[in-house]
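Going line by line, the protein sequences match chains A, B and C. To convert, count from 1 in the first sequence and add 814; that's the numbering used here. To convert, count from 1 in the second sequence and add 5; that's the numbering used here. To convert, count from 1 in the third sequence and add 530; that's the numbering used here.
Heads up, none of these hints are tricks.
Only pairs whose alpha carbons sit at most 30 Å apart, straight line, appear in this in silico DSS-like list of lysine-lysine:
id: 1; chain 1: C; residue 1: LYS622; chain 2: C; residue 2: LYS563
id: 2; chain 1: C; residue 1: LYS563; chain 2: A; residue 2: LYS1014
id: 3; chain 1: C; residue 1: LYS694; chain 2: A; residue 2: LYS1014
id: 4; chain 1: B; residue 1: LYS117; chain 2: B; residue 2: LYS162
id: 5; chain 1: B; residue 1: LYS57; chain 2: B; residue 2: LYS42
id: 6; chain 1: C; residue 1: LYS694; chain 2: A; residue 2: LYS827
id: 7; chain 1: B; residue 1: LYS82; chain 2: B; residue 2: LYS50
id: 8; chain 1: C; residue 1: LYS562; chain 2: C; residue 2: LYS694
id: 9; chain 1: B; residue 1: LYS42; chain 2: B; residue 2: LYS67
id: 10; chain 1: B; residue 1: LYS10; chain 2: A; residue 2: LYS934
id: 11; chain 1: A; residue 1: LYS879; chain 2: B; residue 2: LYS10
id: 12; chain 1: C; residue 1: LYS562; chain 2: A; residue 2: LYS1014
id: 13; chain 1: C; residue 1: LYS694; chain 2: A; residue 2: LYS823
id: 14; chain 1: C; residue 1: LYS622; chain 2: A; residue 2: LYS879
id: 15; chain 1: B; residue 1: LYS152; chain 2: B; residue 2: LYS44
id: 16; chain 1: A; residue 1: LYS827; chain 2: C; residue 2: LYS562
id: 17; chain 1: A; residue 1: LYS934; chain 2: A; residue 2: LYS1014
id: 18; chain 1: B; residue 1: LYS129; chain 2: B; residue 2: LYS57
id: 19; chain 1: B; residue 1: LYS57; chain 2: B; residue 2: LYS160
id: 20; chain 1: B; residue 1: LYS162; chain 2: B; residue 2: LYS152
id: 21; chain 1: B; residue 1: LYS67; chain 2: B; residue 2: LYS162
id: 22; chain 1: B; residue 1: LYS117; chain 2: B; residue 2: LYS82
id: 23; chain 1: B; residue 1: LYS117; chain 2: B; residue 2: LYS160
id: 24; chain 1: B; residue 1: LYS117; chain 2: B; residue 2: LYS44
id: 25; chain 1: A; residue 1: LYS879; chain 2: C; residue 2: LYS623
Distance ranges between label pairs, derived from CB positions:
id: 26; chain 1: B; residue 1: THR182; chain 2: A; residue 2: VAL937; range: 56 to 64 Å
id: 27; chain 1: A; residue 1: ARG1011; chain 2: C; residue 2: ILE683; range: 21 to 29 Å
id: 28; chain 1: A; residue 1: LYS1014; chain 2: B; residue 2: ASP174; range: 57 to 65 Å
id: 29; chain 1: A; residue 1: LYS1014; chain 2: B; residue 2: SER79; range: 52 to 60 Å
id: 30; chain 1: C; residue 1: SER625; chain 2: B; residue 2: SER12; range: 23 to 31 Å
id: 31; chain 1: C; residue 1: LEU583; chain 2: A; residue 2: SER974; range: 44 to 52 Å
id: 32; chain 1: A; residue 1: GLY972; chain 2: B; residue 2: LEU15; range: 54 to 62 Å
Covered by chain A, according to a simulated footprint, are these stretches of chain B (three or more residues, beta-carbon under 8 Å):
id: 33; segment: 10-22
id: 34; segment: 146-155
Quick caveat, the hints were computed from the structure, so don't treat them as lab data. Yeah, the Cβ is synthetic: ideal placement off N, Cα and C, and Gly gets one too.
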Amino acid sequence: MSIKETLSKGFIKENPVFILLLGLCPTLGVTTSAINGLGMGLATAFVLIMSNLVVSIIKNQIPNKVRIPSFIVIIASFVTIVDLVMNAYVPALHEQLGLFIPLIVVNCVVLGRAEAFASKNTVFNSIIDGLGMGIGFTFALTLLGAVREILGSGAFFGLSVPIYPIDEGGSPVTMLVFVLAPGAFIGLGYLISIMNRISKS
Amino acid sequence: MASKKESTFLTMTMTLFIVTVVAAFSLGSIYNLTKDKIKEAKERKVTDAIRKVLPEFDRLEKSTFVEEGELVQSIYKRDPVADTIILYKAFNEEEFIGTAVKSYTNMGYSGKFWIMLGIDATGKIYNTAVVEHFETPGLGDKMDESKSKFPLQFKGKDPRDFIIRVEKDGGDVDAITAATISSRAFCDAVNRAFEALSIEGGKEL
Amino acid sequence: MEILTIIILAVFVNNIVLAQFLGICPFIGVSKKIDTAVGMGGAVLFVMTLATLVTYMIRYYVLQPYGLEFLQTISFILVIAALVQMVEIILKKLSPTLFQALGIFLPLITTNCAVLGVAILTINGNYSLVGGVVYAIANAIGFGLALIIFAGIREHLDLMEVPKGMRGVPISFIVAGILALAFMGFSGIV
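Using the sequences provided together with the hints, build the complete structure.
Written as structure tokens, this is what we have:
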């Protein structure tokens, strides 16, 4: 597979969220706004690339039977690094994402790529694969976040989108349900349907 | 997959040992690098809220105020739950600027939330800020200045001639549309702050 | 009374699947039949309670005395993974019938973020050991409840005429959304 293909497959054709249905918990949990989705996507992408890199470097030194526990330790280390660094430098975003940062460790995308791809491929290809999947994941979360933010709070990356009537209190009358829990499920349901259609054509 | 190691007891233990030691070592060093920054960020969150609710100041005096009988010991909780109110007296050189009060309420739609209330030297409200809340996004979170005009009505008000209760309860506060419970809770937190200030202030004088 | 508050909050108001978005993968994956949903619910109840108990001890009796709280994530996930393996082996030896009922779900549970999520939430929520166990059981019940209701709806969904583009996963998410909307009705009761 060429580099371009590896990079672009995660976008639509093998999108980890819309097509493979992996990593759904953070997808639903943090996407109340586009910026939250982007932040979570980038954090996951970092863990994905770094764990793919390390796993592909040491893949021949790891006995088969302790493969999975070793991978989990490697992934959990990078998750903790992301957690600490975000807490120190972007505390507001860290607070918004909350519980879902440590939970990157159980994101099936990360362990799945380490096991299915990085443990069998060269270092370079593993980084490219991590990059492709990370971009796909970030794309999915940002898209869902943007859709929910526009419909639910009448804004896009925090900038207001003036398409809604204004109530007497001065705030736009939006479809609130989309920033609440049900809106996450409904929004993702429609996006999956649309993406299925696009990837088939 | 040519030179994959055999899975013997020795290689397995050694591998896991090395992997965990390297992980623990690198995490330890990253932790040491970031821990001061994390502490700083945490403190900055509180000082930012204080700066928002009070005029310019250069020195803070912190005192904690625990309501009597509010220290709840429970077998379901690890540490006893203390409902503390924190008072920050702000000074500009020696001049008293006002007090920032970190207050709370238990009456929110999703239970507890915390606000910061700034009261200037004359006893009027300077500004308000929400420190942490779990209210419904888009409804209850309009307590925040960036989301609606609701908090603006508190600015410059004196509790002696402005009854801090929602209009439904016979007060002067115009509640957030469709979020009476959050508005009522916000008023509760503001009143609690004034109460703590009057008791604390009385003690000192 | 306090115990009732913890349970109602965890099962209904802050339902782990429908309000906190934990354990979505098994929620969508193993909810096609009510029988499998019941099995999965049972396995989660068992593992979640045990995992919360063990991680609680690790957190307060191993990590905290040495100031190693930053190793929480890494130690919790390792403990949970090891625990699931151990439960699988012990169950196989001691109770083959129980193993048959729960066995196929156990490997799925390691990557079920609900288990790790509840372990961390127990620490964040300042629960004591008793409180933590109650909280874990209540959350597992909430998980089982959501899963079983959802499976019941999906069994009927198979017989419905769904627009072509929405068949399968998309309509399941819409249904989950409506279910979450129904559960929102519980908020504010405690």
